[in-house]
Amino acid sequence: MKILVVDDSNFVRSLVGKALQINIPNLELLMANNGVEGYNLYRTEKPDLIIMDLLMPEMNGWELLKLIREVDSSIKIIVFSADVQRATRDEIEIFGITSFIHKPFNKEKSEQLINIVKGEFGA
Amino acid sequence: MTVSELDFSEYKYLSVFSSGHVVSSSMSFGNGFQGKAFLVFPPEQAKLLVTACVGEPVLPVENENIICLVDTDLDILREIGNLIINAIIGEFGNLLNIRVEYSLPEIELISLSETQKILLENDIYILVLHTSFTLSKTRITGAVLIALSLNSVSLLLEKVNELSEDLNG
Numbered sequence: 001m002k003i004l005v006v007d008d009s010n011f012v013r014s015l016v017g018k019a020l021q022i023n024i025p026n027l028e029l030l031m032a033n034n035g036v037e038g039y040n041l042y043r044t045e046k047p048d049l050i051i052m053d054l055l056m057p058e059m060n061g062w063e064l065l066k067l068i069r070e071v072d073s074s075i076k077i078i079v080f081s082a083d084v085q086r087a088t089r090d091e092i093e094i095f096g097i098t099s100f101i102h103k104p105f106n107k108e109k110s111e112q113l114i115n116i117v118k119g120e121f122g123a
Numbered sequence: 001m002t003v004s005e006l007d008f009s010e011y012k013y014l015s016v017f018s019s020g021h022v023v024s025s026s027m028s029f030g031n032g033f034q035g036k037a038f039l040v041f042p043p044e045q046a047k048l049l050v051t052a053c054v055g056e057p058v059l060p061v062e063n064e065n066i067i068c069l070v071d072t073d074l075d076i077l078r079e080i081g082n083l084i085i086n087a088i089i090g091e092f093g094n095l096l097n098i099r100v101e102y103s104l105p106e107i108e109l110i111s112l113s114e115t116q117k118i119l120l121e122n123d124i125y126i127l128v129l130h131t132s133f134t135l136s137k138t139r140i141t142g143a144v145l146i147a148l149s150l151n152s153v154s155l156l157l158e159k160v161n162e163l164s165e166d167l168n169g
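Heads up: the sequence lines are chains A and B, in that order.
At position 112 of the first sequence the residue is numbered 112 (my numbering), and the sequence of numbers has no breaks.
At position 81 of the second sequence the residue is numbered 81 (my numbering), and the sequence of numbers has no breaks.
Be careful, since some hints might not be right.
[As the list claims (entries may be wrong)] Derived Cβ-Cβ restraints for the label pairs, each shown as a range: (1) Asp-71/B with Val-71/A: 16 to 24 Å; (2) Glu-45/A with Asp-166/B: 36 to 44 Å; (3) Phe-100/A with Glu-165/B: 29 to 37 Å; (4) Asn-33/A with Val-153/B: 31 to 39 Å; (5) Asn-168/B with Asn-40/A: 35 to 43 Å; (6) Lys-46/A with Val-70/B: 34 to 42 Å.
[What the hints assert, rightly or not] Where chain B lies over chain A, by a calculated footprint (3+ residues, C-beta under 8 Å): (7) 8 to 16; (8) 110 to 117.
[Unchecked claim] If you want a taste of the chain B side facing chain A, the calculated C-beta under 10 Å gives, among others: (9) Asp-71; (10) Glu-79; (11) Ile-80; (12) Asn-82; (13) Leu-83; (14) Ile-89; (15) Gly-90; (16) Asn-97; (17) Ser-103; (18) Glu-108; (19) Leu-109; (20) Ile-110; (21) Gly-169.
Honestly, the hints are just simulated from the structure, not real lab data.
We put the beta carbon where it would ideally sit given N, CA and C, even for glycine.
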């Protein structure tokens with residue numbers, strides 16, 4: 001299974017990556033620092049799932065989500081953001097995301113993420 | 001957390017700090033609700049916070065004059081600023097039923113004497129809300145400063161009046 005994590009924080013990528021590697025067997029983990037890198041990796045690597053932040057340099061999560069949905073309506077996307085606004089969540093959910101998880105990435109959020117991944121892919 | 005205070009010109013938040021510099025993680029925000037929010041720590045407290053976040057034991061800094069913040073530390077402080085400022089300003093967005101948009105978080109080492117200038121830059125920030133906090137078990141102390149534009153203050157006051165009228169029938 002191939003998962004792409006797009007977040008401009010090395011600390012967050014590392015935490016999310018470790019949780020996935022420990023809990024998801026046969027995982028191929030891809031990491032991107034911003035939306036541009038994320039989109040390039042999406043095009044070349046065709047991941048099964050994308051976990052993305054919203055606030056990022058170069059290309060933010062909104063732009064990345066729009067670009068991906070223009071060409072792919074089926075790839076599973078989990079938004080992982082510190083934005084707690086109801087309006088943000090409502091607008092993001094229009095793009096047909098699998099889930100919206102609020103930062104910070106603690107034990108509870110880690111379990112939530114792993115459960116979603118296992119539920120979606122039977123991993 | 002202490003009870004938050006309004007500060008028009010007295011800069012009482014400076015009393016939270018004893019040293020000449022602070023580490024600031026800040027984000028500007030706009031789209032109907034405009035201003036800039038700062039999460040500030042003395043440098044040695046910022047270092048302790050990073051240590052706590054990576055799960056290492058938080059020990060007192062031996063020499064407060066020699067604090068070295070490396071890229072990893074700055075990345076973590078940027079993310080902490082992102083979390084705290086989003087949590088606070090996002091609730092203003094929820095209260096006002098608008099979607100506030102944020103700039104990317106910025107990390108700076110600033111002199112306390114410069115904070116007045118930074119808070120008042122662009123002449124749009126007329127009100128500063130500030131509160132200090134201490135993280136339990138760690139004794140890490142910092143402050144949150146929120147500088148709001150005149151329009152944003154008016155929006156908040158209108159909303160408070162609206163809520164007050166609803167409550168009072």
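Next on the checklist: Does Asn-97/B hold up as a contact with chain A if the rule is Cβ-Cβ below 10 Å?
Outcome noted: holds (7 Å)
Checklist entry - Per the hint of 36 to 44 Å, is the separation of the Cβ atoms of Glu-45/A and Asp-166/B within bounds? => result Because 52 Å falls outside the window, the suggested range is violated.
Next on the checklist: Just to be careful: measuring from the Cβ of Glu-108/B to every Cβ in chain A, is the smallest value less than 10 Å?
Outcome noted: violated (17 Å)
Next on the checklist: Taking 31 to 39 Å as the stated bounds, is the beta-carbon spacing between Asn-33/A and Val-153/B within them?
Outcome noted: holds (37 Å)
Checklist entry - Is the interface hint for Gly-90/B satisfied, with its Cβ closer than 10 Å to some Cβ of chain A? => result With a closest approach of 4 Å, the Gly-90/B hint holds.
Checklist entry - With a cut-off of 10 Å, does the beta carbon of Gly-169/B approach a beta carbon of chain A closely enough for the hint to hold? => result violated (26 Å)
Checklist entry - Between Lys-46/A and Val-70/B, does the C-beta distance stay in 34 to 42 Å? => result holds (36 Å)
Next on the checklist: Would the hint on Asp-71/B be counted as holding, given a Cβ-Cβ threshold of 10 Å to chain A?
Outcome noted: holds (8 Å)
Item to check | Asn-168/B paired with Asn-40/A, Cβ distance criterion 35 to 43 Å | outcome: Violated, since Asn-168/B and Asn-40/A (Cβ atoms, about 57 Å apart) do not stay within the stated range.
Checklist entry - Holds or violated: is there a CB of chain A closer than 10 Å to the CB of Leu-83/B? => result holds (5 Å)
Checklist entry - Between Asp-71/B and Val-71/A, does the C-beta distance stay in 16 to 24 Å? => result violated (35 Å)
Item to check | Status of the Asn-82/B interface restraint (C-beta, 10 Å, chain A) | outcome: Result: holds, 5 Å to nearest chain A Cβ.
When held up to the earlier numbered hints, the structure conflicts with 1, 2, 5, 8, 18, 19, 20 and 21 and fits the remainder.
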